[in-house]
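There are 4 protein chains.
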Amino acid sequence: MTAVVREGLRQEVLEANLAIPQVGLATLTWGNVSGVDREAGVFVIKPSGVPYEALTIDDLVTVRLSDGAVVEGDLRPSTDTETHRCLYLAFPSVGGVTHTHSTRAVAFAQARRDIPVLGTTHADTFNGPVPVTRDLTEEECAKDYEYNTGHVIVDLLDGDDQRAVEVPAALVAGHGPFTWGATARKSLEHAIICEAVADIALHTMSLSPTTPPPRHLLERHYTRKHGPDAYYGNPTTPATR
Amino acid sequence: MTAVVREGLRQEVLEANLAIPQVGLATLTWGNVSGVDREAGVFVIKPSGVPYEALTIDDLVTVRLSDGAVVEGDLRPSTDTETHRCLYLAFPSVGGVTHTHSTRAVAFAQARRDIPVLGTTHADTFNGPVPVTRDLTEEECAKDYEYNTGHVIVDLLDGDDQRAVEVPAALVAGHGPFTWGATARKSLEHAIICEAVADIALHTMSLSPTTPPPRHLLERHYTRKHGPDAYYGNPTTPATR
Amino acid sequence: MTAVVREGLRQEVLEANLAIPQVGLATLTWGNVSGVDREAGVFVIKPSGVPYEALTIDDLVTVRLSDGAVVEGDLRPSTDTETHRCLYLAFPSVGGVTHTHSTRAVAFAQARRDIPVLGTTHADTFNGPVPVTRDLTEEECAKDYEYNTGHVIVDLLDGDDQRAVEVPAALVAGHGPFTWGATARKSLEHAIICEAVADIALHTMSLSPTTPPPRHLLERHYTRKHGPDAYYGNPTTPATR
Amino acid sequence: MTAVVREGLRQEVLEANLAIPQVGLATLTWGNVSGVDREAGVFVIKPSGVPYEALTIDDLVTVRLSDGAVVEGDLRPSTDTETHRCLYLAFPSVGGVTHTHSTRAVAFAQARRDIPVLGTTHADTFNGPVPVTRDLTEEECAKDYEYNTGHVIVDLLDGDDQRAVEVPAALVAGHGPFTWGATARKSLEHAIICEAVADIALHTMSLSPTTPPPRHLLERHYTRKHGPDAYYGNPTTPATR
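Protein chains in written order, with the UniProt record's numbering: chain A, 1 to 241; chain B, 1 to 241; chain C, 1 to 241; chain D, 1 to 241.
A couple of the hints might just be wrong.
Which copy is meant is left open, because identical chains are indistinguishable; a pair holds if it fits in one copy or across any two.
[To be verified] Think about it this way: if two alpha-carbon atoms lie no more than 20 Å apart in a straight line, the pair counts; the simulated SDA-like pairs of lysine to any residue are:
1. Lys143 to Lys225
2. Lys225 to Leu157
3. Lys143 to Gly8
4. Lys143 to Asp114
5. Lys225 to Leu202
6. Lys225 to Asp161
7. Lys143 to Gly24
8. Lys225 to Val71
I should point out that these hints are in silico values taken from the structure, not numbers from a laboratory.
Same shape as in the complex, but just chain A (with noise of 0.2 Å):
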């Protein structure tokens, strides 16, 4: 039954998920990790309002890609399902999905505002700042709300994957982070990140009217762990300084 998916997968994405709370970023049950067999044309997502401590691999539902269909699992897939397909479809590069309420990202969802480029730890993963969407309009809202959710945010990348690449995480406005990369893992590891540079803006921004670093410093810090002249980390660990 679970051939379905490629070997691994299912493992990740349950792995990836427990982390949410144990790196601090979940209340209750909020949050949600998928990941994509684009090859199988599914993905897999955790279930809807499942505590992490009651979470485990059998919950996990597989979801086809093309149209949202449950093809694996007997629990209800996340609410925010929705989204994750409409980022997978919009972005060939995505590989995984992460979305929480983690607390200092949220604040700049809602005050809608873009968590700015302030320094490399920042820069050390995203090539600019994470942007905040727009508001989603009141015909959004009432039909396909969480696939729109997702398309508020392509429509801010322009559909451009290669934007996705470069800063992979936008701010839904009024509601919060959602965050991807090359796999479950990463998009995780994208949330954390996240949260730890909107942490670090706000108490800049409350020492300063904060002026940028200069660009160099900044590509610099980005091309040292992304792109072809990437020197950071080592052949058998995660690019994560």
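Mind docking chains B, C and D on chain A? Use the hints.
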């Protein structure tokens, strides 16, 4: 002896009380949760001043709804018992009550400001601001102080049970949050969420003179989790995103 | 050898010291608790600079009240020992003293502002603001510095034991909080509460130019836990909400 | 093989690195500690991008002081290795270096503000503000970036070893804190203290336009822990209050 209340209630009240320090809402022995058995006409509550690490099921105190008399238990009940009783008497839908001194919610109570609705994290649970009561009068403090602490909450909601269902939390001015729900466990969840949204609101307000998100977004989030069209959660899981 | 102090005192002082990092009030080896045996004319205190994880009951140092001489123990006592001694000599009601560098209380000490009474969380324990001392003079720093650190607290309270009972905490300007109580354990509890109310006050003050709650509310909270009409707690439990 | 460095150094460097997440200064794999063996002309440092939970003593990398060549270890050393090397070459008193992205210190670095001396918690360790460097130039970013990151610190202190002893920490503008000390362990302690004083300073500054405490108080605290008249600590314990 313990047959006076329905099976499982004492255990649920114990677990909800023990969860207060686990979820980081307690300082020392502060905080208390109760659960009601309306058929038996009693509620079960934490004893006064017992440290959480020493609390056992036998320490819980059973109190009569009609007059506040202790009907079971060797210890004195929480000093806040009469506040709980007042809320049970006023709002028939309430099955459990939680009181904490969680720091961000207390900050709003001390500033005598409602926790405003600034995003979907709030709207998922509270269908409106978490309101703050008026100050108690000198007379209300002098006599039946704890009962009157409940009374100002009842006043604030015009004694309307439906309002108590839609926003299951209030801040007593200069004091702190009281939350409630269909069960003791739900009242605790609302205390956790009340603190989380207070924390996020504080940071949002530091970022911008806040404009609330459009009403249609907030309504969508409330109704996807509450009422006839709710589609959040799974049959066997608690309905908490 | 250890018979010099009353039974249980060394154990109580050890446990109160070990609790400092457990309750999150310590950085590295910072902080110290002592307890006095007035009959024996000595007090027991943490040695200087010993990491909490290595601290054992044999490391504790016994110091004579009258002149500060070490009467038992192989290690040098805390550098703050003379401050503790000064407080014991000035205030007969004090049975234990705690000093920490807990961050929010230190922030008030550094800003040279009292922690104001903004709600019942404060009034439950402190019957008035937690006051900040004047700066020490150059002479007071040059000679008997640590004793003089206690002296500015005594000065602040006009040496009035009753004031020390009603507000068992003070902030030394530019330095940090000292708290005390009937026992070592109570002095530690007051340190925990001092930090909690400082934290809540910081957030309250960020929300509004604060008006204190009505005096009758604050008095009610203080008197329900202290004095002849107190009705908080249970005979066998510590009197701390 | 490991005989290349003095006994105990590798273990000390391992433990100091593993302590970074334990004391709450790390996000993901961020942060690194090194320790030097000046006789052998090498230093030992964390490898690049290895998660703390997977880090073993065999992963540590030994680097030659004179030219930065790896002389032992299978993994690539931390990308920040050249910054450590620059500091070792410039300041003969430095025995260990720590770099973290701890959030409050990074906020000051991003705001390009010194962490001011606002109280004795700061003065106990740092005999002056923790200074922030100038921005790196475009040329300094383009070539030998990491070495130049050390260079702007050396510049800031005019290459004066005594200044490096008195304030064993600096903030690289737009980046974050580097701290050092006589040993790897001491450099880590200074990182912990740097973050603590940054946190306290942020809260102090939110309370008042701060006036520093009198110089005689600050000097007293520094000299009671440092220099010929120090009287803090015990012979067998680390000298850290």
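Hints and how they fare:
1. For the identical chains of this complex, lysine 143 and lysine 225 are inter-copy neighbours only, at 16 Å across copies versus 41 Å inside a copy, given an alpha-carbon limit of 20 Å.
2. Proximity of lysine 225 and leucine 157 under a CA criterion of 20 Å is satisfied in neither setting, with 22 Å inside one chain copy and 30 Å between copies.
3. Taking the shortest Cα distances, lysine 143 and glycine 8 never come within 20 Å of each other, neither inside one copy (35 Å) nor across copies (41 Å).
4. When the C-alpha separation of lysine 143 and aspartate 114 is checked against a cutoff of 20 Å, the pair qualifies neither within a copy, at 27 Å, nor between copies, at 31 Å.
5. Neither within a single protomer nor between protomers do lysine 225 and leucine 202 lie at most 20 Å apart by alpha-carbon distance, with minima of 25 Å and 31 Å respectively.
6. For the homomeric pair lysine 225 and aspartate 161, the shortest alpha-carbon distance inside one copy (19 Å) is at most 20 Å, but the shortest distance between copies (33 Å) is not.
7. In this homomeric assembly, lysine 143 and glycine 24 never come within 20 Å of each other (Cα to Cα): the closest approach is 33 Å inside a single copy and 38 Å across copies.
8. Taking the shortest alpha-carbon separations for lysine 225 and valine 71, neither the intra-copy value of 38 Å nor the inter-copy value of 24 Å comes in at or below 20 Å.
Taken one by one, the earlier hints fail for this structure at numbers 2, 3, 4, 5, 7, 8, listed in ascending order.
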